[in-house]
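> Each chain, written out:
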Amino acid sequence: MRVTRVAVTSAAALGAFLALPGPAAAHGLSGRADLPIPEWLFAWAAAVVLIASFASLAVLWKSPQLEEHDGFRPLPGRLSRLLVNPATEAFAALLGVALLVLTVWSGLAGVQTPQDNFAPTFVYVVFWVGLVLLSIAFGDVFRAFNPWRAIGRGTGFVTRRLTGRWQPPLRYPGWLGRWPAAAGLLGFAWLELAYSQGDDPSTLAVAVLVYTAITLIATACFGTEAWISRGEAFSVYFNLLSHISPLTVKDGRLGLRRPLSGMSTLEPLPGTVALLVVMIGNVMFDGASEGNPWVEIAPDIQSVFVDLGLSMGTSLELTFSVGLLIALGIVTAIYAIGVTGVRAIDHRPTVTVARSFVHTLVPIAAVYVLAHYFSLLAYNGQAIAFLSSDPLGNGWDLFGTAGGTIDYGVVGATVVWYVQVGVLVAGHACGLVLSHDRALALYGRAQAATASQYWMLAVMVAFTTSGLFLLSQANQ
Amino acid sequence: MRTRGVRAGIAVTALAAAVVLFVVLAGADDPGTDAATTQLQSAPTTTGGESQAGSTTTQPQDAQVTTAGESPDPQPPATPRIVVRDGRPVGGVARLEYESGRRVRFTVHSDVADEVHVHGFDIMKDVPANGSVRFEFPADIEGVFEVELETAHVQIAELRIEP
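Protein chains in written order, with this note's numbering: chain A, 1 to 476; chain B, 1 to 163.
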C-alpha cells in the first residue's frame with residue numbers, strides 16, 4: 001500500500017538503494033500523505049500523557065467500578081425492535097454477501113489501477129478502517145453484515161432441512177482460542193504492508209476468495225458460530241473493538257452499558273494477547289514504515305537479502321516482512337516488561353497475568369488504527385461514492401456519481417493532527433482506567449494494586465508516546 | 001493510594017509538573033506561532049533564503065521552495081525546475097514546500113514524453129520529449145502529495161503544503 005515501497009523498488013532496480021528518494025508520499029490509493037505532527041504538539045501531547053497518568057493514580061476511584069456489573073440499560077423497545085429484527089438481519093446479511101461478491105468480481109474483472117477499482121478502496125478503507133470506527137461507535141455491526149457468517153448460517157439451515165439433523169464434525173478446541181484470528185490478521189497485515197502486489201485489485205480478489213474458502217471450510221468443520229466467534233479473523237477483530245462501544249445487544253434487546261465496562265467482560269481466551277500484539281504491531285509498523293528510523297535501516301536489511309542472491313523485489317518484500325516482525329517484537333517486549341513487573345506482586349504464571357490485563361490494550365489498538373488511518377478514511381473514504389457507481393472502472397455510472405472526485409478540502413492538516421493526537425491521548429486514558437479497575441479487582445485496595453499499576457502505566461505510556469513519536473516522524 | 005495526604009501530594013506534584021512543562025514548552029517552541037515555520041526551517045536544503053523574514057502566516061512574499069535536486073540558478077525566487085533524464089528525476093525526488101494559500105509554481109523538463117500528474121490536486125499535463133511543462137496553481141490543499149510521471153510510474157517530486 002505504500003508509495004515509499006514503490007520508490008524503494010525503483011531506486012533498487014537501478015542498483016542505487018543507498019540513494020533512496022525521501023520518504024515520499026502516501027498510500028498507493030491516493031498519492032497523498034499526512035504531514036508529520038509538529039514538534040511542539042508532540043511535546044505537549046507526551047507531557048499531558050505523562051502528567052495525566054500520574055495524576056490518575058491520585059484521583060481515580062478506590063474500588064472496582066467496571067468489573068462487577070456493566071450497568072446495562074435497554075433502549076426503548078420500539079427502537080430496539082426497529083433495528084434488531086429478522087428482516088434487518090436478513091437484509092444486512094444479504095448486503096454483506098453482495099459486497100463480498102462485488103469486491104471479488106470488480107477485483108478480477110475491473111481495471112487493475114488500484115484507485116480506479118472498487119476492490120482496494122473497499123477492502124483497505126471502508127472495511128479495514130471504516131468498520132473499526134463503526135464498531136467503536138455502534139457495537140458489533142460487522143456481525144450483522146458478516147458475509148461468511150451469513151453463508152455459513154444459510155448453508156447450515158439448508159443442510160439441516162435436507163438431512164434432518166446435522167452437527168459439525170469437529171468440536172472447536174479450547175486451547176485454540178483466538179489464535180486462528182491472530183494468524184489471519186497477521187496475514188492481512190502482511191498482504192497490506194509487505195506484499196508488493198497487495199493493492200493490486202486481482203491479487204486482492206484472489207486473497208478474498210482464498211480466505212473465503214478457508215473460512216467456509218472451517219465453519220463447516222467447527223460450526224458457524226464457533227468459528228466466527230473465535231477463529232475468523234475479522235469477526236473476532238471487529239467484535240473485540242466493539243467492546244469499546246456503549247451500545248450492545250443483550251438477549252435480543254439493544255441497550256446501553258456503562259462506558260468501558262464492555263472491555264472488562266472480555267473473555268481472555270488463549271491467543272488474545274497475540275491478537276492484540278498483531279493489532280498494535282501492524283499499525284505501528286505501518287506508521288514506522290513512513291518515517292525516518294525505518295527508511296534509514298530498510299536499505300541495509302534489503303541489501304542483506306540481495307547479497308544472499310535474492311531478487312530486488314523479493315528482498316524488498318522480505319525486508320518489509322522483517323519490519324513487521326520487528327514491530328510485533330517491540331509490542332511484545334513492551335507488554336512483557338509490564339507483565340514481568342506486575343509479577344513481582346502477582347505470583348500467578350506469566351500467561352495468566354498477561355491475560356488478566358490484555359483487555360486494557362483494546363482501546364490502545366483502536367486508537368492506533370484511528371490515529372493512523374483517520375485521513376485515509378476522511379479522504380479516500382469519499383472515493384467509495386464514485387467507485388460504487390463504476391466498480392470496475394470501465395465507465396459505468398450506476399448511481400450518477402461516477403464523475404465524483406475526492407475533496408481534500410474537507411479537513412485540513414491541522415484538524416488531522418488534532419484528531420490523531422486527541423484519539424491517542426483518549427485511548428491512553430481508557431487503557432489507564434481499565435488497568436486501574438482491574439488492579440483493584442485483582443489485588444484489592446492493598447499496596448499491591450498501586451505497585452502493579454506503575455508497570456501497566458509504563459506500558460501505556462510506552463505505547464502512546466511511540467504512537468505520537470511515529471506521527472511526528474511520518475513523511476518527514 | 002495509601003492515604004489522603006499521599007494522594008493530594010501526587011495531585012499537587014502533577015499540577016506543578018504541568019505548570020513547569022507549560023512554561024518550558026511555551027518558551028522553547030512558542031506554540032502561539034504557526035507550526036509551519038518550524039517545519040519549513042527543518043527542510044534538508046533551502047535554496048530560498050527568506051525563511052526567517054517573518055514568522056506570521058501573512059508574509060507577502062511567496063513561500064520558500066526547497067528542492068533536493070541541485071538548481072543551476074541560485075536566485076531564490078526562481079521557479080523550481082525538475083529535470084528528468086533517462087526517465088528519472090536528476091538529483092532524486094525533488095521536495096517542493098509551500099505554505100497553504102500561496103501559489104505552487106514549478107516546471108518539469110523531461111527527455112522522455114510522459115504525462116505529469118500532481119496527485120491530490122489531480123492536475124495532469126503532458127510533457128513532450130526534450131520539452132518542458134509549467135505548473136501554476138493555488139496551494140489550497142494541505143498535505144504531502146506525489147508528483148508522478150504517470151505512464152512510467154516514477155515519482156519525480158514531493159509537494160508539501162503546510163498549514
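There may be inaccurate statements among the hints.
[As the list claims (entries may be wrong)] Which stretches of chain A does chain B cover? Using the computed rule of at least three CB atoms under 8 Å from a CB of chain B, they are:
| id | segment |
| --- | --- |
| 1 | 31-42 |
| 2 | 63-71 |
| 3 | 273-279 |
[What the hints assert, rightly or not] Residues of chain B clear of chain A, computed beta-carbon distances all greater than 12 Å:
| id | residue |
| --- | --- |
| 4 | Ala16 |
| 5 | Arg81 |
| 6 | Thr107 |
| 7 | His117 |
| 8 | Ala129 |
| 9 | Gln155 |
| 10 | Leu159 |
| 11 | Arg160 |
Just so you know, these hints were derived from the structure itself, not from any lab.
Note that the Cβ used here is the ideal one computed from N, Cα and C, for glycine as well.
> Checking the smallest CB distance to chain A, is Gln155/B really beyond 12 Å?
Check fails; 5 Å does not lie beyond 12 Å.
> Confirm or reject: Ala16/B is not an interface residue toward chain A, with every Cβ-Cβ distance exceeding 12 Å.
violated, 10 Å
> With d taken as the least Cβ-Cβ distance between Arg160/B and chain A, does d exceed 12 Å?
It is violated; Arg160/B is separated from chain A by about 7 Å at its closest Cβ, not greater than 12 Å.
> Taking 8 Å as the C-beta cutoff, is the stated coverage of the segment 31-42 of chain A by chain B satisfied by three or more residues?
Held - the segment 31-42 of chain A has 10 residues with a Cβ nearer than 8 Å to chain B, which meets the minimum of three.
> Verify that the Cβ of Arg81/B lies farther than 12 Å from every Cβ atom of chain A, and report whether the claim holds or is violated.
holds, 18 Å
> Is the nearest CB of chain A more than 12 Å from the CB of His117/B?
Violated, because the least Cβ-Cβ distance between His117/B and chain A comes to about 8 Å, which does not exceed 12 Å.
> Is the coverage entry for the segment 273-279 of chain A by chain B consistent with the three-residue Cβ rule at 8 Å?
This one is violated; 0 residues, fewer than the three required, reach chain B with a Cβ under 8 Å.
> Beyond 12 Å from chain A, beta-carbon-wise, is Ala129/B?
Holds, since 20 Å exceeds 12 Å.
> Examine each Cβ of chain A, and state whether all of them lie more than 12 Å from the Cβ of Leu159/B.
Leu159/B is in fact no farther than 12 Å from some Cβ atom of chain A, at 8 Å.
> Can you confirm whether chain B covers the segment 63-71 of chain A, using C-beta to C-beta distances below 8 Å and requiring at least three such residues?
Since three or more residues must qualify, the claim that chain B covers the segment 63-71 of chain A is violated, with 0 doing so at under 8 Å.
> For Thr107/B, is the shortest beta carbon distance to chain A beyond 12 Å?
Nearest chain A Cβ is 20 Å from Thr107/B, so the label holds.
Figure legend: structure checked against the earlier numbered hints; hints not met, in rising order: 2, 3, 4, 7, 9, 10 and 11.
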